[in-house]
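**Student:** Residues per chain, in single letters:
There are 2 protein chains.
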Amino acid sequence: MVKIAVLGYGTVGSGVVEVLKTNQKLISANAGDEIEVKHVLDLRDFPDDPIQEKIVHDYSVILNDPEIQIVVEVMGGVNPAYSFVKQALLSGKSVATSNKELVAKHGAELISIAKQQQINFFFEASVGGGIPIIRPLQCCLTADEIDEISGILNGTTNYVLSEMTFQGSDFEEVLREAQELGYAERNPQADVEGFDAGRKIAILTSLVSGRQVDFEDVYTEGITKISSADMKYAKKLNCIIKLLARSRRKDGQTYVMVAPFLIGPKHPLYSVNGVLNAVYVHGNMLGDTMFFGSGAGKLPTASAVVSDVVEAARHLHDHVEVKWSQEKMPLGKIADYVSRFFVRVKEEDQEAACALFGSEKIVDAGIAGEVGLITRAMTEEQFAHLAESVSLLSRIRID
Amino acid sequence: MVKIAVLGYGTVGSGVVEVLKTNQKLISANAGDEIEVKHVLDLRDFPDDPIQEKIVHDYSVILNDPEIQIVVEVMGGVNPAYSFVKQALLSGKSVATSNKELVAKHGAELISIAKQQQINFFFEASVGGGIPIIRPLQCCLTADEIDEISGILNGTTNYVLSEMTFQGSDFEEVLREAQELGYAERNPQADVEGFDAGRKIAILTSLVSGRQVDFEDVYTEGITKISSADMKYAKKLNCIIKLLARSRRKDGQTYVMVAPFLIGPKHPLYSVNGVLNAVYVHGNMLGDTMFFGSGAGKLPTASAVVSDVVEAARHLHDHVEVKWSQEKMPLGKIADYVSRFFVRVKEEDQEAACALFGSEKIVDAGIAGEVGLITRAMTEEQFAHLAESVSLLSRIRID
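So the protein sequences, as listed, match chains A and B. Count along the first sequence from 1, add 854, and you get the number used in our numbering. Count along the second sequence from 1, add 854, and you get the number used in our numbering.
Chain A extracted, bound-state conformation (with noise of 0.2 Å):
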């Protein structure tokens, strides 16, 4: 028997407990041993749910509990999740977590307090929800110098993206819609504004490099300018919008970015809709790779932390080396790095702005008084730059 805590009952919590009831024989059977849920850390009491008799209040009650073997966080935010997890890897508890701040920020420091506790800090849950994708590049993976990792991280703006694409809806409808919906947060900025796919990246990025991204180094633009006129022009283009979290290796420098761009029918992520998750993997090996399913969701994310339980079950004594050190990864300088951009300019600077860009391309969209163009490929700088002597209505990168 392997005694677990759970620490917090909202979303994901009540869906670890419901994982762990439904799939009870299964899940015991995969981890070798019986699972069972000892306490539950909760400021509130669930009065009406059975699980009030194992909710605590006190972490304390926990950390001390020598039967307790592993610890799920799934409280969100970095405090007090940090110094929760961080004394569970200290007390010789592994840890199995979602929380994609407390991942982004600790990660490296808590992997490394769980080799030297022989145990384990398992966070699959981080990115993509109920994608397997964190195990697989640390398990399938391990052949290839992997030069790209482009995912749709968010379904939050996902499905604000193909809301607008699909619907012609604007940007504030639609995540008007999405919050009643239960698709948005109240407070959406970490969504909209990209920061939640940037820690994704981020994390994403520090497994592949061994090394620590800082999300806050990780280069962000969300999707609130975007408006039902760009969505005219990408459809008449036979494009698409999405927010892509994307890092890629190019000339020996790994540029990191969260964006929206414009991508074609056969781009990998082209097909992926509403509130999906998918991730694009190019190895130099493998080729192009992809993973896909749900990127969030109560079950899909409660999945996804109930089988790094399992794993911690099946290596209740020894460490699963996770390759991630604290010694910081340089990023490659987002002003060199190198795209075409789709901008639209009011129709009398046309001229200007395609002897500007080098563009070959106007694209008419039926709006009056603008047009769309398609610049010649050039960095981020340089791009910068020559903006500055004509007026843009919007600017898109294309990939």
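What the hints contain is simulated information worked out from the structure, not anything from laboratory work. There may be inaccurate statements among the hints.
Note that the list lumps identical chains together, so a pair holds whenever it fits in one copy or between two copies.
[What the hints assert, rightly or not] Once the Cα atoms are required to be at most 25 Å apart in a straight line, the calculated DSS-like pairs of lysine-lysine come out as:
| id | residue 1 | residue 2 |
| --- | --- | --- |
| 1 | Lys879 | Lys1182 |
| 2 | Lys1090 | Lys1120 |
| 3 | Lys1104 | Lys879 |
| 4 | Lys879 | Lys892 |
| 5 | Lys1104 | Lys875 |
| 6 | Lys1120 | Lys1152 |
| 7 | Lys1120 | Lys1215 |
| 8 | Lys892 | Lys908 |
| 9 | Lys940 | Lys908 |
| 10 | Lys1152 | Lys892 |
Position chain B against the provided structure of chain A, taking the given hints into account.
**Tutor:** Quick look at chain B alone, frame taken from chain A:
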């Protein structure tokens, strides 16, 4: 230093040597030790290849070399691969193989020997080439009752069907082209009759159920009867024809089959074209997930084999549990499996066929003298019985 031997210097074997050489530093870092190819077994000599100095013609050199800790078997076919692999395991050497015939037939036994010896028998490359699917099933999707696996698991047939779809060509013509391009074998029977996909879905079902599924028990139908006329109807229905290898749990039974299916644009496998492979998995908690990539090819397959070598090097003296016993898994009878069918009948049989199959929808693809119908949902047995009363030009299941 971990010394390995490669059995077979064909396409995959030379790929393994190439992957190990190209990514040597990274692979050693991932494995935690340097990996060196010491011997390569092949009947041939390769005088112009630096590999020549490692070539041995006699397997006993490898078997009796105590320095060899991992054997890579990439010869294909059951014999002598089975005997070589079994001897390797019995003498304490871990094995990584890409050989689906071997794994489908003897996987359970070879895993049990590896377990006794506290070493490993790994076979990631045997299904889906470079797509990570075996290990994710074993160490990621462990919290779920897997109720469906549907895969496009054979690149040759997917290429042929894609060309038939998009070029409107006939089966024989596309197959000939595919043979010229090296996408199809000179003897294509194992591919086009669905046997290759059948072995792969048998392996996946064995892993998910933990029991032996014999591929001879998998209901298998190939693509040789699919015509350009069928493709015209598929297009009219806004569908595409795919050879699916499928394992589905329903009412406590597991039905395993390989057959062409008509699938619509919302189907997760709809846009998997050409030589690509994909595996769709549905878990009772996780919902939909999909793995996608190169199902074959020298370097993608070799990359998967080398990732197994890395994993074997990480676990030289401990067995990574694989749930796959030799106990036979009882399968649901295909006669009881319920589908809707698309059928083509001569124009004069239209009325009788509509009444017989309860069809409400008539499809006219502009082919003189015939029409297409979609039947109501019925078991294979019911369909076979009804089909005796009318002459069918073709029939394809609908997913």
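**Student:** Checked against the structure, which of the hints given earlier come out wrong?
**Tutor:** Failing hints: none at all.
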